[in-house]
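There are 4 protein chains.
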Amino acid sequence: MTRVGVFGAGGRMGREVCRAVKDAADLVLVAAVDPFHAGIDLSQLGIEGADLTVASGPQELLDVGADVAIDFTVLDAARDNVRWCAANGVHAVVGTTGFSDDELGEFAKSFADSSANAVIAPNFTIGAVLMMRFAELAAPYFDTGEIIEYHHDRKIDAPSGTAVMTAQRMAAASSDWAPDPTEKEVAPGARGGAVQGIPVHSIRMRGMFAHQEVVLGVAGQTLSIRHDSFDRSAYMPGVLLAVRQVGDRAGLTLGLDPLLGL
Amino acid sequence: MTRVGVFGAGGRMGREVCRAVKDAADLVLVAAVDPFHAGIDLSQLGIEGADLTVASGPQELLDVGADVAIDFTVLDAARDNVRWCAANGVHAVVGTTGFSDDELGEFAKSFADSSANAVIAPNFTIGAVLMMRFAELAAPYFDTGEIIEYHHDRKIDAPSGTAVMTAQRMAAASSDWAPDPTEKEVAPGARGGAVQGIPVHSIRMRGMFAHQEVVLGVAGQTLSIRHDSFDRSAYMPGVLLAVRQVGDRAGLTLGLDPLLGL
Amino acid sequence: MTRVGVFGAGGRMGREVCRAVKDAADLVLVAAVDPFHAGIDLSQLGIEGADLTVASGPQELLDVGADVAIDFTVLDAARDNVRWCAANGVHAVVGTTGFSDDELGEFAKSFADSSANAVIAPNFTIGAVLMMRFAELAAPYFDTGEIIEYHHDRKIDAPSGTAVMTAQRMAAASSDWAPDPTEKEVAPGARGGAVQGIPVHSIRMRGMFAHQEVVLGVAGQTLSIRHDSFDRSAYMPGVLLAVRQVGDRAGLTLGLDPLLGL
Amino acid sequence: MTRVGVFGAGGRMGREVCRAVKDAADLVLVAAVDPFHAGIDLSQLGIEGADLTVASGPQELLDVGADVAIDFTVLDAARDNVRWCAANGVHAVVGTTGFSDDELGEFAKSFADSSANAVIAPNFTIGAVLMMRFAELAAPYFDTGEIIEYHHDRKIDAPSGTAVMTAQRMAAASSDWAPDPTEKEVAPGARGGAVQGIPVHSIRMRGMFAHQEVVLGVAGQTLSIRHDSFDRSAYMPGVLLAVRQVGDRAGLTLGLDPLLGL
Numbered sequence: 382m383t384r385v386g387v388f389g390a391g392g393r394m395g396r397e398v399c400r401a402v403k404d405a406a407d408l409v410l411v412a413a414v415d416p417f418h419a420g421i422d423l424s425q426l427g428i429e430g431a432d433l434t435v436a437s438g439p440q441e442l443l444d445v446g447a448d449v450a451i452d453f454t455v456l457d458a459a460r461d462n463v464r465w466c467a468a469n470g471v472h473a474v475v476g477t478t479g480f481s482d483d484e485l486g487e488f489a490k491s492f493a494d495s496s497a498n499a500v501i502a503p504n505f506t507i508g509a510v511l512m513m514r515f516a517e518l519a520a521p522y523f524d525t526g527e528i529i530e531y532h533h534d535r536k537i538d539a540p541s542g543t544a545v546m547t548a549q550r551m552a553a554a555s556s557d558w559a560p561d562p563t564e565k566e567v568a569p570g571a572r573g574g575a576v577q578g579i580p581v582h583s584i585r586m587r588g589m590f591a592h593q594e595v596v597l598g599v600a601g602q603t604l605s606i607r608h609d610s611f612d613r614s615a616y617m618p619g620v621l622l623a624v625r626q627v628g629d630r631a632g633l634t635l636g637l638d639p640l641l642g643l
Numbered sequence: 382m383t384r385v386g387v388f389g390a391g392g393r394m395g396r397e398v399c400r401a402v403k404d405a406a407d408l409v410l411v412a413a414v415d416p417f418h419a420g421i422d423l424s425q426l427g428i429e430g431a432d433l434t435v436a437s438g439p440q441e442l443l444d445v446g447a448d449v450a451i452d453f454t455v456l457d458a459a460r461d462n463v464r465w466c467a468a469n470g471v472h473a474v475v476g477t478t479g480f481s482d483d484e485l486g487e488f489a490k491s492f493a494d495s496s497a498n499a500v501i502a503p504n505f506t507i508g509a510v511l512m513m514r515f516a517e518l519a520a521p522y523f524d525t526g527e528i529i530e531y532h533h534d535r536k537i538d539a540p541s542g543t544a545v546m547t548a549q550r551m552a553a554a555s556s557d558w559a560p561d562p563t564e565k566e567v568a569p570g571a572r573g574g575a576v577q578g579i580p581v582h583s584i585r586m587r588g589m590f591a592h593q594e595v596v597l598g599v600a601g602q603t604l605s606i607r608h609d610s611f612d613r614s615a616y617m618p619g620v621l622l623a624v625r626q627v628g629d630r631a632g633l634t635l636g637l638d639p640l641l642g643l
Numbered sequence: 382m383t384r385v386g387v388f389g390a391g392g393r394m395g396r397e398v399c400r401a402v403k404d405a406a407d408l409v410l411v412a413a414v415d416p417f418h419a420g421i422d423l424s425q426l427g428i429e430g431a432d433l434t435v436a437s438g439p440q441e442l443l444d445v446g447a448d449v450a451i452d453f454t455v456l457d458a459a460r461d462n463v464r465w466c467a468a469n470g471v472h473a474v475v476g477t478t479g480f481s482d483d484e485l486g487e488f489a490k491s492f493a494d495s496s497a498n499a500v501i502a503p504n505f506t507i508g509a510v511l512m513m514r515f516a517e518l519a520a521p522y523f524d525t526g527e528i529i530e531y532h533h534d535r536k537i538d539a540p541s542g543t544a545v546m547t548a549q550r551m552a553a554a555s556s557d558w559a560p561d562p563t564e565k566e567v568a569p570g571a572r573g574g575a576v577q578g579i580p581v582h583s584i585r586m587r588g589m590f591a592h593q594e595v596v597l598g599v600a601g602q603t604l605s606i607r608h609d610s611f612d613r614s615a616y617m618p619g620v621l622l623a624v625r626q627v628g629d630r631a632g633l634t635l636g637l638d639p640l641l642g643l
Numbered sequence: 382m383t384r385v386g387v388f389g390a391g392g393r394m395g396r397e398v399c400r401a402v403k404d405a406a407d408l409v410l411v412a413a414v415d416p417f418h419a420g421i422d423l424s425q426l427g428i429e430g431a432d433l434t435v436a437s438g439p440q441e442l443l444d445v446g447a448d449v450a451i452d453f454t455v456l457d458a459a460r461d462n463v464r465w466c467a468a469n470g471v472h473a474v475v476g477t478t479g480f481s482d483d484e485l486g487e488f489a490k491s492f493a494d495s496s497a498n499a500v501i502a503p504n505f506t507i508g509a510v511l512m513m514r515f516a517e518l519a520a521p522y523f524d525t526g527e528i529i530e531y532h533h534d535r536k537i538d539a540p541s542g543t544a545v546m547t548a549q550r551m552a553a554a555s556s557d558w559a560p561d562p563t564e565k566e567v568a569p570g571a572r573g574g575a576v577q578g579i580p581v582h583s584i585r586m587r588g589m590f591a592h593q594e595v596v597l598g599v600a601g602q603t604l605s606i607r608h609d610s611f612d613r614s615a616y617m618p619g620v621l622l623a624v625r626q627v628g629d630r631a632g633l634t635l636g637l638d639p640l641l642g643l
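Protein chains in written order, with this note's numbering: chain B, 382 to 643; chain L, 382 to 643; chain H, 382 to 643; chain G, 382 to 643.
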């Protein structure tokens, strides 16, 4: 049994993480840290059956002998938590985003010197990570490739970060794409927004959450790789995968890809 | 048994039409007209089992007592053929495109005065006609609607005519759409080309022919209506439907919609 | 402004309904009835901003002058509520399922004699209702048709009720389907379960909620009509539609179809 | 420039192969072998621009110095052709199916001793091969997985061989699947046909050719991998890939997977 503590346990993602850890047969939730909810019982945050009091700081992780700490908080808190984990020998699984390259460099060094390891990933949605990887692997065998991403109609930026990253990886994997045949774009924008030459189309649709389809074509056939996610629980399988593997991956691991062995 | 003649029988669409008529149990192919192939046997055009010699002009239709003539030719020829049908009392089913509003007005008058009727339609793909109609019928019950069309990578215009017409009909059917949430379009064009406010996205893909999906969303759900066509044979069910109904629809009928009773 | 009361306001669907009514600009939530939660403030049920105390019985609807009552409860309670609405002149919108044909006959009579009307529907998911209607309308123009339904992996029956009803309506709309070509079913069941001759395929998938696709084919083309729903909120657009129309539809209306005008 | 000869050049696949080789910039079609069409010009088989006379036997390949021979013929002919290639030092790319394990063992030995190599594959549709591989790679990360395959309505067996093989590979890649929740199958067969525990659903649809979708689900998300093929030209990218690589892959290579480097 791996002993797991959760930073930011009272946040929206933190509570989801607590539930996922509690429900996993090979993990045990031993600490919930959250300065904003310190002292209350975890059940008051809607997480039943854990019998834990929320702690105010990371010392609790040492007191209860946590093997791994999970951090989905905010940038300032996460920076401190990651440093604390390296210094105190607790493995870290981190989904908080926004670290600078300098900070990631610092973390790489400190975990190289620590008895603990870390997995820091901008995207724990395992299906999305696989979709990107498969799109990249397939790209060299196709002549055309485009991306269609669908999100709820409260998303203010387009395309999504995942779509941009997918396009970049497809472009890096193959430079040999058929030219765009379009000579007349009757409705400007119809052919999408190009990211390194790969057309990306963003749909904003009520009733949807986060979805993306990569379509690749070559003579007589197409291959479509589609990821649909419906809520925050989509992050959990990737988080648990990282918790199970972090102990065996020396130093700092960036992104889920290395954990998938692809 | 309805007796059918085909104008432009040696053309690509004409040959397809000859085959479809020949294969229909309730129709008999009685005349193949094509000045460019006059005098040869129809089997030399790859249409087996008809035992017909290609005729040079429309007189053949009268000689063999054709009930209906089908025209998929070019604009100049089609104009003459339609006039001839009205004047000579032969029902006309016409898929040639490009008639002016004035010409369509003239045809409406001449078929009103004729013993024959006509169906003239820009699109005989029955599934596409149904898709457009359903999108229009559904539009008032949804808050967001977008169109994604996919064509082979030799198509030089975007969006397709069908996509533009679908958007126009959806916009006419409902003016109550949620506002576009996009504030930042990182890759310009990602949100598609707007046709009367409906975003249209055009994919150009090797290995595809002609496909379109209309996606509509409202709280908690989406409805998607998709048409896929793979080759020219997709026109045939609509052509046969028109041949079967043209005798019962007085005067000129424009488009397949009235024949579908929706 | 239409004044709306909700039976079973403390139930899972009841609370969803309360929220949807409260958020609709042309409706006002005037009464929440629920004997199991009588006397508490609606905000304690997680519905903010309504300033209502939960009432123990239907008399409240008369006291506050409700125009329409919505019932998503259980069969025994719903039976009483519907009778009460007919007797007391309050329009009823009812999503509770399981009424016998005899009971529906009784309701038809009592609402014919009442100043109030009723809409009783087994399925308020507007997109699913449209999907079924479109499948039925399209059926006569296609040679093959099959249904694929996808649900979460806690659903214990297959196919879903919606899939069975869709197949029945397609079969009633057309008896002219191409024969099944299958001579050898290597894995028994691969060709699905037939409902009145229409093959139905049921997928049970973690990460999904409730989805159905109807695929229809004829020469050279297919038409696919797909409904995806992600949670209970999918019922709300149909409920609100019924609330807005019930006053204008004399007597008892069964199902959403008549309200859609298709 | 690689010099390519084609066995069975007058067959349906043979002609397609001749065209694909002729159109590839880095390949040159130097020989067309077909005893049934020996002596006629290749243009009479509908392959323009090659200026070749069809040869009656394999000696032609040596006379013109072919590097690679492609075989899409029938089992008896293919057996002889493969042996001839090994004996005469001409690389072989073979899509003919039906070899016994003994024969494949014999070929492995003879190509190990030959200066020539061979690629023998039951499926040259590159997109289908990638789909199967991705399904296998993804399987361990998901709790549920099902296969839906769509074919034209002249296919007499179900499921397709590709679907069966995909299921076998998914089952071999993961033994940890959630149990089927179905307790009541109202329409027997609705839950599909199980292949090593993976449900497979076969749709037979007019207007389709050959399509397959693998759907995988885990908490909050699904991953779908879909291959659509529209005609025989779908084999060509895989054939050309094999022609380009066969010279560098010592001995006998079975299947396209090793060529894709995945």
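A portion of the hints provided could be inaccurate.
Copies of the same chain are indistinguishable here, so a pair counts whether it falls within one copy or spans any two.
Keeping only pairs whose Cα atoms sit at most 20 Å apart, straight-line, the calculated EDC-like set for lysine to aspartate or glutamate is [as the list claims (entries may be wrong)]:
| no. | residue 1 | residue 2 |
| --- | --- | --- |
| 1 | Lys403 | Glu429 |
| 2 | Lys403 | Glu441 |
| 3 | Lys490 | Glu517 |
In short, the hints are calculated from the structure, not lab data. Keep in mind it's a predicted model, so treat the numbers as computed, not measured.
Quick rundown of the hints versus the structure:
1. Lys403 - Glu429: within (9 Å within a copy, 31 Å between copies)
2. Lys403 - Glu441: within (18 Å within a copy, 44 Å between copies)
3. Lys490 - Glu517: neither (30 Å within a copy, 36 Å between copies)
Checked against the numbered hints above, the structure violates only hint 3.
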